[in-house]
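Participant: Keeping their order, the protein sequence lines are chains A and B. Sequential numbering from 1 applies to the first sequence in the working numbering. Sequential numbering from 1 applies to the second sequence in the working numbering.
These are calculated hints, taken from the structure and not from any lab test. There may be inaccurate statements among the hints.
[What the hints assert, rightly or not] Derived DSSO-like pairs (lysine-lysine); straight-line CA-CA distance at most 27 Å:
id	chain 1	residue 1	chain 2	residue 2
1	B	K109	B	K61
2	B	K71	A	K7
3	B	K69	B	K101
4	B	K109	B	K58
5	A	K65	B	K101
6	B	K71	B	K61
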Amino acid sequence: SAVISQKPSRDICQRGTSLTIQCQVDSQVTMMFWYRQQPGQSLTLIATANQGSEATYESGFVIDKFPISRPNLTFSTLTVSNMSPEDSSIYLCSVRQGEMNTEAFFGQGTRLTVV
Amino acid sequence: AQSVSQHNHHVILSEAASLELGCNYSYGGTVNLFWYVQYPGQHLQLLLKYFSGDPLVKGIKGFEAEFIKSKFSFNLRKPSVQWSDTAEYFCAVTRSGGYQKVTFGIGTKLQVIP
């Protein structure tokens, strides 16, 4: 299993500002994932963060809005840029430890409210 | 792209009642299937998983799920729920092989009344 720590756990931000969310894993993992869980909706994958390469974004998400860093095998950040109230959501970091037949592990999430 | 449908968005049961939460996925290839649970104030955690073999999978806390390939279903069951099962339950699917993304259903909020 993997233990994932996310910071901050929650924040209230002004529109137009940016917030960087940190994700720290207690073991080295190749793939890290960032999800968004909007109220009343499912978890939606934002992007896959690979160490040493550009993140891969899902349809509807762009690097300018959600820049991701992955400096090493245990750490990643997601920035929510130029925030608007529509960005209010829970943001989750997730990892899978192996390539085949493994489950995803999740951080506790960051609850973001944009006012 | 694969998708997951959970039919019950909010379920209310009395303690000792039986539970079945429906989950259907859309993808014609080989899949890995999961049920995750999120207890109030806690992070998502794995309840059970199916990769291959026996389609009846047993998980933690007395939960089980049955993979029916012909129906593209992976329903979650528990014969007798407890108040502590109050949580949100998410069905999820990945394609088999390699680093495949996990697609989640919308979730089912289960409320168990003592």
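Participant: Hint by hint, note whether the structure agrees.
Facilitator: To see whether the hints hold, each was checked on the structure:
{"no.": "1", "hint": "B:K109 x B:K61", "in the structure": "holds, 17 Å"}
{"no.": "2", "hint": "B:K71 x A:K7", "in the structure": "violated, 41 Å"}
{"no.": "3", "hint": "B:K69 x B:K101", "in the structure": "holds, 20 Å"}
{"no.": "4", "hint": "B:K109 x B:K58", "in the structure": "holds, 21 Å"}
{"no.": "5", "hint": "A:K65 x B:K101", "in the structure": "holds, 21 Å"}
{"no.": "6", "hint": "B:K71 x B:K61", "in the structure": "holds, 26 Å"}
Figure legend: structure checked against the earlier numbered hints; the only hint not met is number 2.
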